[in-house]
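Peer 1: The chain contents come next:
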Amino acid sequence: MNIFLHELRAYRKSTIIWTISLMVLVLFFMALFPSFTKDAEQVNELLKTLPEALRKAVGIEIGSFTSILGFYSYVFMYITLCGAIQAMMIGASILSKEVREKTVDFLLTKPVSRSTVIVSKLSAAFVSIAITSLFFVLWAYFIALYVRTDDFNEQAFFLLSFTLFFVQVMFLAIGVIASMLLPKLKSVLSISLGVVFAFFFIGMFGSTVGEASVRYITPFKYFDSMYIIKNSQYEWSYLIVGLMWVITALVASFFIYTKRDMDAV
Amino acid sequence: MVNVFLRELKALRKSLVIWCIGILAMVAGGMSKYGATESAGQSINELMVSMPKALQAIMGTGSLDLTTVSGYYGILFLYLIVMTTIHAVMLGANIVSKEERDKTAEFLLVKPISRKQVIFSKWMASLVAIIVINLVTFLISHIMVDYYNKTDDSYLIDIAELMGGMFILQLLFLCLGTSIAASMKHPKRAASISTAVLLITFFLSMVIDLNENLEILSVFTPFKYFEAKDIIGGTGYEALYIMLSIILVVVLTIYTFIAYEKRDLHI
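So the protein lines, in turn, are chains U and L.
Going by the working numbering, the first sequence wraps up at 265, each residue one higher than the last.
Going by the working numbering, the second sequence wraps up at 532, each residue one higher than the last.
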């Protein structure tokens with residue numbers, strides 16, 4: 001419990017900064033919606049005649065695009081990018097920082113088992129990103145209510161917004177397993193940015209080729225915003241595969257951490 | 266001094282190779298999609314031109330001609346800029362702050378060289394690194410664009426001009442990284458803060474694309490200084506932005522030297 005609280009406190013400042021940044025980001029983009037939507041009619045006509053390949057390349061489909069949900073899903077792409085960086089950085093640092101900052105022998109000589117340590121730390125990481133997601137979703141909802149020109153499907157809006165949390169959990173797991181597999185990790189930021197941007201670009205370009213193959217590779221494509229907007233539900237196969245990835249990565253990290261030979265001072 | 270320089274180059278070798286592979290994957294992956302859009306023909310282009318500006322921005326095209334290989338490459342160029350500037354800003358922040366992070370600052374600074382020389386050597390090593398990245402990007406881009414180019418025109422000049430703009434941005438962000446790392450009290454945060462500055466300016470440039478009334482803010486985001494659509498479109502570099510970049514680079518570099526000279530090392 002102490003470890004859990006200590007980690008929460010340690011990440012408090014960064015969680016607050018990330019949450020506020022995401023809020024400001026979505027505010028800035030959504031503030032442009034009213035001026036954007038004026039061209040809506042014209043845009044819709046034009047979009048219908050676009051070739052399929054081009055439409056897919058930008059992840060936008062006809063119809064839903066000029067609505068607030070369509071615009072929001074475009075903005076949301078960049079929100080998840082930022083959220084993923086945050087989650088990956090927490091995941092990659094929370095276990096590895098003890099070794100890097102030479103506090104690992106202090107921690108592990110306390111009368112707690114390693115499994116307690118890892119469970120407390122991971123819970124703290126989960127709580128941090130859950131707080132970020134929760135505040136973001138509520139804030140985004142208020143903004144959407146404020147700038148909307150029409151009624152929109154609120155269920156779809158919330159489903160779409162909460163994918164931020166799922167993507168973050170996936171990147172948290174990737175971060176944790178990465179820090180376990182690379183014991184000599186020095187710069188958390190470099191690896192986090194590298195991995196997150198790599199997946200992001202794969203997703204951007206991948207969506208123009210055969211979808212199914214690429215979609216399982218990058219967490220950014222596990223939740224198709226157009227599908228969510230249209231059907232107001234998630235695609236269960238992706239949700240299950242994603243969950244399996246997360247569980248596998250966390251269980252593997254658990255075993256590696258409990259067995260690892262730690263570099264003491 | 267030369268030793269520090271060589272030592273840094275050696276330390277950078279591995280990450281340079283990884284970055285170059287990343288750029289290769291990016292350009293090759295991006296250009297391979299050219300076929301898909303090319304086949305759609307001239308019709309896209311007419312559509313694009315008639316679209317509102319905000320929508321063009323969301324499409325990432327601006328006024329680029331998507332049917333030509335250079336226009337298509339122009340879209341890719343934006344992502345290349347993001348990648349290489351992230352590399353530059355993190356390189357700048359890390360190369361200065363890592364001595365304190367790895368607790369080797371004392372070891373380095375008790376050597377019979379001044380702090381100015383330390384920074385100078387590290388700065389030169391970073392310069393070599395970003396030049397390598399730039400040349401590799403140039404080479405890969407030229408080969409890939411040439412491969413998909415079915416016309417007789419050569420785009421070598423266009424790409425060279427784009428790379429020139431990219432180099433200035435890399436240099437700018439490198440200096441930003443070093444100056445932040447040299448002046449921060451807690452060097453551990455230097456890389457995060459420099460990256461945050463980069464992402465903020467990047468998002469600012471996207472917001473400007475979405476709304477023409479914000480054009481005036483362009484001065485604040487380097488991502489607006491050299492845009493593919495202007496350079497390929499033929500208008501070339503803008504003198505104002507070139508001047509601004511040079512002033513920023515010079516000021517930030519001088520500031521790096523002064524700040525590092527005076528700073529209390531965090532050991």
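I should point out that these hints are in silico values taken from the structure, not numbers from a laboratory.
Cβ atoms here follow ideal geometry from the backbone N, Cα and C, with glycine treated the same way.
Some clues are possibly wrong.
[Unchecked claim] Below 16 Å or equal to it, Euclidean Cα-Cα: the simulated EDC-like pairs (lysine to aspartate or glutamate) are: (1) Lys184/U - Glu98/U; (2) Lys184/U - Glu477/L; (3) Lys453/L - Glu101/U.
[As the list claims (entries may be wrong)] Just so you have them, the derived chain U footprint on chain L, three or more residues with Cβ under 8 Å: (4) 386-396; (5) 509-522.
[Unchecked claim] According to the in silico footprint, chain L covers these stretches of chain U (three or more CB under 8 Å from chain L): (6) 21-30; (7) 169-181.
Peer 1: Hint by hint, note whether the structure agrees.
Peer 2: Now the hints, each set against the structure:
{"no.": "1", "hint": "Lys184/U - Glu98/U", "in the structure": "holds, 12 Å"}
{"no.": "2", "hint": "Lys184/U - Glu477/L", "in the structure": "violated, 47 Å"}
{"no.": "3", "hint": "Lys453/L - Glu101/U", "in the structure": "holds, 11 Å"}
{"no.": "4", "hint": "386-396", "in the structure": "violated (count 0)"}
{"no.": "5", "hint": "509-522", "in the structure": "violated (count 0)"}
{"no.": "6", "hint": "21-30", "in the structure": "holds (count 4)"}
{"no.": "7", "hint": "169-181", "in the structure": "violated (count 0)"}
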